[in-house]
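*Asks:* Construct the complete structure from the given sequences, taking the supplied hints into account.
Line order of the protein sequences matches chains A and B.
Just so you know, we're using numbering that gives the first Met the number 0 here: the first sequence kicks off at 0 and counts up by one.
Just so you know, we're using numbering that gives the first Met the number 0 here: the second sequence kicks off at 0 and counts up by one.
Hints listed in this document are in silico derivations from the structure and should not be mistaken for laboratory results.
These numbers come from a predicted model, not from an experiment.
Some hints here could point you the wrong way.
Copies of the same chain look alike in the list, so a pair counts if it works inside one copy or between any two.
Cross-link-like lysine to any residue pairs, in silico, SDA-like; alpha carbons within 25 angstroms at most [to be verified]:
1. K289 with R115
2. K50 with H311
3. K322 with R275
4. K292 with S2
5. K11 with L236
6. K322 with F124
7. K11 with G25
Letter by letter, the chains look like this.
Protein chains: 2
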Amino acid sequence: MSSAVLYKLIKKDGRARRGEIKTPHGTIQTPVFMPVGTAGAVKAMKPEDVKKMGAEIILGNTYHLYLRPGHELVREAGGLHKFMNWDRAILTDSGGFQVFSLGQLRKITEEGVEFRSHIDGSKHFISPEKSIEIQTALGSDIMMAFDECAPYPADRSYVEESMQMTARWLARCKEAWKDRENQALFGIMQGGMYKDLRRESAKMTVDMDLPGYAIGGLSVGEPKEIMIDVLDDCAELLPEDKPRYLMGVGTPDYLFEAVEHGIDMCDCVEPTRIARHGMATTSHGRLNIKNAKFERDFGPLDPECDCYTCRHYSRAYLRHMFKSGEIMSSMLLSEHNLHFLVKTMENIRKAIEEERFLEYKKEFYEKYGYEQTE
Amino acid sequence: MSSAVLYKLIKKDGRARRGEIKTPHGTIQTPVFMPVGTAGAVKAMKPEDVKKMGAEIILGNTYHLYLRPGHELVREAGGLHKFMNWDRAILTDSGGFQVFSLGQLRKITEEGVEFRSHIDGSKHFISPEKSIEIQTALGSDIMMAFDECAPYPADRSYVEESMQMTARWLARCKEAWKDRENQALFGIMQGGMYKDLRRESAKMTVDMDLPGYAIGGLSVGEPKEIMIDVLDDCAELLPEDKPRYLMGVGTPDYLFEAVEHGIDMCDCVEPTRIARHGMATTSHGRLNIKNAKFERDFGPLDPECDCYTCRHYSRAYLRHMFKSGEIMSSMLLSEHNLHFLVKTMENIRKAIEEERFLEYKKEFYEKYGYEQTE
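*Replies:* Right, here's the structure in full:
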């Protein structure tokens, strides 16, 4: 059993879990939101500023880094940590999700996936073994198994076959991984919105006895109620003594739902992506900085936020930066949006410790303007 | 006489001057290179990082800030310093240079310049009085007089008329400025490449008895030898006890030439502009990070540089960032390029103190790959 990643459950509040994950690059307090650094950079952010806001782990994308600059180059550079100047933990996805998103450009077989690069159209092939090879070269602390993420909606038969193949691919990933000491492998359960398939997938995944497990194939376009209903089942199928990661989830409400159902880790590109489009997430809901009403608004983006952006700049300035096409706009909004989610998770952890998670959720939702799900 | 800006000459080495300029927002060590923050931000740089590299004054563009977000908005925000989160000195240009660059879009009369906005085509009028009004609202420490910068090449008769009008405009600027205590007004001498016109212009400008003087209309496309020849004459025409500012100059060789001829202040958008195009200025000359030879170059941009970028990132990483279209590329290259010029000026100041300016210039040129001008 690999010692690269060790989970410790500290406290429970309902199903919400307060814990920590030990990695070769530091200990992560959970539940945690992981900023995404797709191509070897959290977009528009210096690593020091990502650290300053309290982020303890970021995510790198295997698909992007494999195509550019290439995993062998990253290996030669001394690994992804060194290459991108990030000395805390890194989780890499398997490349599967991005490859499947290519649609017409890819072909799936039992062996793996053949696809054409979105950059130059060149032909490539990623198998479970290849994905592990790439992630090994990148040197991430947590590697993800190569899975197929079925689309939504999808026929039961397609989802079932896909889920079975994902299980066979997981066995091949584990074999390729060889239980190494400095990198952990997480398995991913699939099964779409079919609860019995989810159960079967969870069992096959957990049977592989890995350092951690993820739930894939949720938040792929299904209505929120369905997501929560399936999640409600899924999380309980995963062992208590291992970290549980809900992939691709990052709006505040989804974070709360995830944690409420026993999830420890989340990630999403949303905070930095919407930042580049002039959108901010605040305590009082989402805000579009392009809005004319902010033209002479000299208050901060979020009066309750203590991030760099909110401490130093006004909405009027941020709007001006966005409208002038200044890079500064992406820099400042990305920093705020990431800070907001990282701090929200910090507050969630505190709430769990004090056994008032649901209370905090209610407060947050009311202020944010979300409808309560209960 | 305004006390907003006071110059102190500390030491001379040949004609090179080591001094300092006291402003309401701190003292500036001269000779100084001023990073440009066109629209209220040094592009792709946080102000804290601009400060960290040692910059003591930046430049703001009146034309841009007048059109967007508007000088009245900046005034309401508490002035440009507060609006853009920069608590050190700011110099604003007069808007003249940008307006004249609009070509077909502007019409010059004795009264001022009518022009159409490059943003939305709306009609505007800037006169000497209006320029001072805008700069007053911006709250810069140093305001520049509204002048006409004649193009190169230009007929003697055009340059002469233009220079005479600039002198009349300067009188109007001074009248509008009213010798206020917290903002200094610098006059600008013109005269193109005609030395006798330069002399006449210098006399008329200095006769206005202002806190500082600038040389405009150089580095506008003329050959370097002509620039240096005219500069050689110009600087000496300005009083010893006031700061001398050579406008729009920013490549390393032009900095050295400026200082050698007795200039105290320079500015240029070049370092940040070329950064966004993947170009870096280093001790060993200019470097194009897109170049294939840097693909697996894991050394720093400039081995002799101690900037943030050179301390933490490799050429391979910077090339990858640029090729991936990451904002990080502009951030890191801008920081290096500005740092390089600011530090070069620091070294120049030290060399003057130690009376080895020409020696340092020779060393720098040899390493950089410049041909010596002597």
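*Asks:* Next, verify each hint and record whether it holds.
*Replies:* Cross-check of the supplied hints:
1. K289 with R115: For K289 and R115, only the inter-copy Cα distance (24 angstroms) is at most 25 angstroms; the intra-copy one is 37 angstroms.
2. K50 with H311: Both, since 19 angstroms and 15 angstroms are each at most 25 angstroms.
3. K322 with R275: This pair counts as both: shortest intra-copy Cα distance 12 angstroms, inter-copy 19 angstroms.
4. K292 with S2: neither (54 angstroms within a copy, 40 angstroms between copies)
5. K11 with L236: Cα proximity of K11 and L236: one copy only (17 angstroms, versus 79 angstroms across).
6. K322 with F124: between (42 angstroms within a copy, 23 angstroms between copies)
7. K11 with G25: within (23 angstroms within a copy, 54 angstroms between copies)
Consistency note: the structure conflicts with earlier hint 4 alone.
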